[in-house]
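Protein chains in written order, with my numbering: chain Z, 20 to 208; chain A, 617 to 1203; chain S, 57 to 724.
If you are wondering where the hints come from, they were derived from the structure by calculation, not from laboratory data.
Just so you know, even glycine gets a beta-carbon here, dropped at the ideal spot from N, CA and C.
Fair warning: there could be bad hints in the mix.
Reference excerpt, derived from the structure (chain Z facing chain A, CB under 10 Å, subset only) [to be verified]: (1) L38; (2) A53; (3) D59; (4) F79; (5) G81; (6) W84; (7) D95; (8) A101; (9) V170.
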Amino acid sequence: MRSQLVAGLRTFLVCTVLLGLAYPIAITAMAQLAFADHADGSLVERDGQVIGSRLLGQAFDGAEWFHPRPSASGYDALASGATNLGPTNPDLLAAVEESAVAYREENGLDPGAAVPVDAVTSSGSGLDPHISAANARLQAPRVAEARGLTVQTVLGLVEDHTDPQALGFLGEEGVHVLELNLALDELTS
Amino acid sequence: MTADAWAQLALLVVLLGVSIPVLGTYLARVYSDAHTTLVDDASEPVGPSGAGAAPGDRIFLPVERALYRLSGIDPTAEQRWTTYARSVLAFSVVSVLGLYLLQRIQGALPLNPNELTAVAPATAFNTATSFVTNTNWQSYSGESTMSYLTQMGGLAVQNFVSAAVGLAVAVALMRGLVRRRSGTLGNFWVDLTRGLVRVLLPISIAGALVFVSLGMIQNVNSNVEAVGLAGAPVAVPGGPLASQEAIKQLGTNGGGFFNANAAHPFSNPSGLSNLLSIYLLLVIPFSLTYTFGRFTKDRRQGFAVLGAMVVLWLGSALAAMTFESDGNPQFDRYGVTQQADDGVVGGNLEGKEIRFGSPASGLYAASTTGTSTGAVNSAHDSFTPAGGAVSLVNMMLGEVSPGGVGAGLYGVLVFALFAVFIAGLMVGRTPEYLGKKVQGTEIKLATIFILVPSVLILCFASVAVLLPTAASSILKPGPHGLSEIVYAYTSAANNNGSAFGGLTASTDWYDTTLGVTMLAGRFLPIVAVLAIAGSLARKQRVPVGPGTFPTNTPLFAGLLTGVIVIIVGLTYFPVVALGPIVEQLSL
Amino acid sequence: MRPALADSLRKLDPRHMVRNPVMFVVEVGSVYVTALFVVDLSSSTTQENVFAGLVALWLWFTVLFANFAEAMAEGRGKAQADSLRAARADTTAHVRRPDGTMEEVSSSKLAVGDLVVVSAGEAIPGDGTVVEGIASVDESAITGESAPVIRESGGDRSAVTGGTRVLSDQIVVEITAKPGETFLDRMISLVEGADRQKTPNEIALNILLAGLTIIFLLAVVTLQPFAIYSDARQDIVVLVALLVCLIPTTIGALLSAIGIAGMDRLVQRNVLAMSGRAVEAAGDCQTLLLDKTGTITLGNRQAAAFLPVPGVDELEIAEAALRSSQADETPEGRSIVTLAVERYGLRDEPVPGAELVPFTAQTRMSGIDLDGTSVRKGAADAVKRWVQAEGGEVPHAMETIAHGIASEGGTPLAVAERRDGALRVLGVIHLKDVVKSGMRERFDELRRMGIRTVMITGDNPLTAKAIAEEAGVDDFLAEATPEDKMALIRSEQAGGRLVAMTGDGTNDAPALAQADVGVAMNTGTQAAKEAGNMIDLDSNPTKLIEIVEIGKQLLITRGSLTTFSIANDVAKYFAIIPAMFSGVLPALEDLNVMKLSSANSAILSAVIFNALIIVGLIPLALRGVRFQPLSAAAVLRRNLLIYGLGGLVAPFIGIKLIDLVVTALGVN
C-alpha cells in the first residue's frame, strides 16, 4: 500500500501541475488571444464606463425601465441562485400571486388579465438577462408613457433587442432587458 | 412539447449517434496498448499487435512517458485486481487530503484576487470527498468561497482525475470480461494517464475554446465592480471558467464555478452552449458502450447495453421535457400563462432561464441526472413534482442512463450480470455473460454493488426525517420536504451531485453524512466491480453457440431495462410514493 | 400426501428454516405478527383482531406451503428408499479366509478385501468384484429390471452390488466397499435427499434471494420513519405483511423442491446422480461423447442389400443368401433372412432333405447342401478361399463390389454356390451398421440447443465417417483408444466446453473422471462406476441425452420461477402502498389501480395471493417447466413471455379476485 500511496502522491502532484495550472493557463492565453471580449465577461460600456456584462441581468425599477424577471438574489452577480422553492411551496405560490398582482398594477392591466409566467417566476441563476416577448409587450405602454415615446417606437426597440433562438430552434427567444433599456436611454437622452 | 423542442432533442440524438462510433472506437484503441492487449486475433482491427498503436501516438506517447517518469510508474507492470483496487484507493486518499489541504490554505496562496479566506473544515471535507468521488455536490457558493487556485488547481484537477478513475475501472471490468484465465486487469496508473492525456484533456481543450467563443469567461481577473445602467451597483465576476466548465461536463462532474451552476449566464451563455453542454456530458458514457462492443469483438453486445441506456435516458428526457413544458398547475389560479405561444415562453419557468426554456431545462435535468453529472441549468427543486421525480428516479437507477464516465458502463454491466443471472437460467444453462459463468462470487459482489447505495440512501434519509437537527433543514415540511432529503442522499450515494436546493444542506450533519455517503457510494461499488473483474478474468470463456443466452439482441436490451427498472423500482417505490408521487397526485 | 403434511409441520423448526433465509424471514414475521395479535387481543377492536389474526394465519400458511412443497418433493424418493432399505437388510456372509477356512460374518462387519463366497439363492452381502466363477444375478432390487444379468470374474462384467441376489451358480466376491458406504447406502441417501448439498448455481441463486430480501427488509424498515414523517405511522402487522409480500417467497419456497424434484426425475429414469453439481453440469454440456455401438447404432450389423455380380439375377442371390443363412443364428444371419423375406417375398421355410451347414468360427461361413448343390455365405475372403480351394474362379466384379462396400463403412459377405461341380460366385451381401431410428432428429435437436455430438468408435475412419454422416452427428473419433478419448475431452474443456460421456469399461474410468458429466453404466466395472458422477442403472447409453435435458429443465424451472416471483412484486406494491396510506394521503388512492375494496382487504388479498401462488406452483416445481429442444433465444423469448410478463400480470388478476372473495366474506 505504501508504494501505491507514493505513486498516488506523485501522480497527484503531476496532475495538479499539468491539469490544474498548465491547462487553464494555456486556455486562458488562447482565449485572451482569440476571444478577449468573451473571455473577460462580455463587458458593456457606456461612455467608457463599464456598466455590466451583456450576459448578466441587472435590476431595474421605475416606470421608465423594462423590468427583468424576479430574482432570488436581487441580481447580485456574486450571489447567483434560484429561490429553490418547491412547486407546491406556499411561499412560492404566494410570491407568484403577489408578483402577478403587482405586475398587473404597474402595467395597468385588468385584475384578471393573463400574465406571462416569466414575469412572476424567478430564474435559476437570478441573473436571467432576458424576458419573454409577451412580457416586454405588456410593459411597453408603461415604458412608452414614462419616457414620452410612442408605444410603436418602444415595440420596435423590443423587436430589435430580441435575441433569436440559437440556430433558429435551440432554447427560446428572449428580449434582452439591459440592451433594450440601454437603447431606450440612448434614444431619450 | 413544441416542434422546436423535438428538433432540439433530434439534433442531440444525431450528434451523439455520429460521435458514439468514432469516440467509442478511439477509446477502445486508447485502452488496448501493448500491455493490455485485448485481441488474440490478428485480423481484428481493434487493438494493435505491436506496442502502442493508438491514434496520435507521436504526440501522446512522449507526454505519457514523461509523466510515467515523473510519477515513478512502471507502465509495463500488470496488476491483479487487488493491486488495481489499492492503486485506485491510494490515489483517491491522496486526492482527498490534497484537495482538503488546498482549500484550507487557499488564503495564503496566489491566484486569489478576490481575497477569499480558508474554507471551513466541514465544507472543505465535504467538497474534497465530493470532487474526488466525482459527485461534485456543492455545499458552498463557488464565487464567494473558492479562490481561482482552488477552482483550477484543486477542483478542476479532480474533475479530470475522478473521471479518468471511472474510465479506468470500467476498462478494468471490460478486460475482466474478455480476458481468459488471466490474473491481471492492466495497470491503473497507465489507464489513468492514458485517459487523461488522450481523452479528457484534448476534448476539454477543444470544448473550452468553443465555450469561450460562445461567451463563457476565461480570465484570472478579480471581480469587476461597476455601477449599472439604472444606477445600482453591479458586479461582473471573473475566473478561469471555460477551462473548468468543459471538463465539468465531459467528466460528468457537475460542480459549478458559481452557485447557480450551469444556470449562470457565464457558465451557459446560450441555447447552443446548453445543447453542447448536454452533448459533452452524454458523449463519453454513451460511447463507452461502443468501446465495450469493440472489446468483446461483437458490436451488438455494445448496442444491447446502449439500447437499455437510450431507452432509460430518452424516456426520462421526454418525461421531464413534457412535465416541465406543461407547467405548474398551481400557478393557473393566479392567471399566469404557461402555454407556449408567440412571444410566450411556456412551461414551469420557476428556476429556469428564458434562453433555455422549459423543454431544454427538462432535457438538461434528465441528462445531468442520468449521467452522474449533477450540473444544473435550472432549479430542480422547483420542477413540477413529476418532473423532479424524473431526476430523482434517474439517480436511483444507479446512474446507468447512461451514467457517469466509466461508472455508467460498469453500473449497467453489473445490472447485466443480474439480468443474465435471473433470466439466463431460463434457457437451461447456468448463467453466463460473454462466455463467463456468473456464479456465487459474482452475484455476491453484484448484490453488494446495488445494496450499497440503497443502504446509504434509505438509512440516512430515514434517520434525517426523524432527527430534529436534520429535519429542521427542510424549509417547508410535507411530501416535498421528504423528496428534498431523499434527493440529497440519492444524489450523494450515486455520485450525482445535483440538489433539490430547498434543503439547507450546509450543516455539519449533512456535510458529514453526505461526505460519508459519497465516499461509500463511490468506492465500495468500485472495489466490488474490480473484484468482479478479477474473478471474471480468471475464468475460462465458454464458446458462444445456439445454446448460449443471447446478450446481443434487442430482447436482452429490453430485459436489461426491465431488470434495472424493477429492481430499482421495488427498492424505492414506497419512498417515491410518499414524496413526489403523492405531491404530484395532490396537485 | 399425509406424511408430507406432517413433515411440513416438523420443518417449522427454526434450525431447519434458517437454511432458507427467505422463508426464515417469513417465519420470524409470522411469529411476530402472531405475538402482536395475542398481546393486543383485548385492547383492539374486533375488526383489528380479525385482520391481524387473518394476516398471521396466512403468514403461517405461507411458511407451511413452502415446507409442504419440499416435503412433497422428498416424499417421492422416500418410498423408493424404503424398498431399497429392505434389500440392505443384514445378511450373513460366508467369508473365506486366506488360509482357506470359512467363517460366517454379519454383512455389516465385512471389511474391504474380504473374499465372500455367494451361492445360488443368497444375497450378495456387499459391493465388490467377482474374482472367481460366473453367476446369474437378480439386480431388480436396484434397477427394477427383472431379467437376471450375468456376472463373471475378469473383464467388464465383474462388478456386483450388495443387496442383489445370486440366482444360479456360485461366485467369490472381493469386497470393495465398507458397510455403510455401499452403493445401496449412497443410493438410499440420494433418493431421500438426506444429505443433499446445495449446488453451485443454487448457492448463487440463494445469495441473490438473500440480497433481495435484505433490500426489501431495508425498504420496509425505513418506510416507517418516512411514514411517521408523513403523519401516517404504520401498523407493524401491515409492515410485516408488506415485507413478506415483497421478498421472493415464491422462489424461496420452491427452490429446494425444484432441486429435489430434478434429482428425482433422474431417479425415475433409473439414473443416479452422485451430486447435484453433476445434474447442473449436464444442463451446461456443450459436447456429448457418444459411443457408436449401442448408442447411435443398434448393437449389430444388418443386411442392407444383395448385390449380384454381372450375369446373376438379384432374385437368385437373394434366394441363395436366404438358404445359406437359415443355419446362421447370429443377428447378422437373421437380418439376411429378414431382408430376403421382406424385400423379395421369399419364404423362410426349411428345405426338405437339405443339410444345413452352421456357422463356425473356423470356416466363418454358413450354408446349405442339397442334392450335391452347396451354397455358402460368409466373410468375403473366407468364401473366396472356399471357391478357390474347390477349383473355381473368383470374378473381379465381386472384389470390386466388396471393396466398394468396405469403403462405405459396410461389411461385405460373399455368396457362392457349387452346382453340378461348377463353382460360381453369385454376389455380395451388404451388411451395415444400422443407425437407431430417430437418432438424426435427436441430434438435430441437440444442435439447435447448441450441443455438439461426437461419435466415438473403434472403426476405421472411413467406416466411422459413413456412419457419422448417416446418423447426423457433428464429429467423430475413429479408431479411438482410451488415450484419444481423454485427449478429446481435454481439448474440448480447454476450449471452455463442458463434456458429457458414457462409459463402462475399466479403461473408460480416467475419461469418465475427467468429463464434466460421466455416466457409468451399471453393468460396467467398479472402476468405471466410481469414476463417473452418474450411474445409469439401465445401462442405456442413449440416456445421456435425456440427462442433459433434465439438467436443462432443472435450471429453466429455477429461472422461470425466480423471474415470476420478482415480477409478482410490482402488483403487490400497487395493492399495498395505496392501502397503507389511503387514510392520510388520499391522493395515493389513484395508485389503487385494482380498485380493491378496502385497505385491510387489499393487504390481506396480497398476503393470501402470495401464499396461494406457492401451492399453485408446486406441481410445476415438481414436474419442471416443459422442456423444448429449441435455441436459447427461442426458449428465452417463450419463457420471458410466460413467466416474466405472466408474472407481472397474474397477480393483478389474482389479488383482485381474492379481494372480491374476501370482501364477499365480510372482511374489511
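The hints, checked one at a time:
1. L38: holds (5 Å)
2. A53: holds (7 Å)
3. D59: D59 (chain Z) check passes; min Cβ-Cβ to chain A is 6 Å, inside 10 Å.
4. F79: holds (5 Å)
5. G81: Interface hint status for G81 (chain Z): holds (7 Å vs cutoff 10 Å).
6. W84: Holds, about 6 Å.
7. D95: Constraint on D95 (chain Z) satisfied, holds at 7 Å.
8. A101: holds (4 Å)
9. V170: violated (15 Å)
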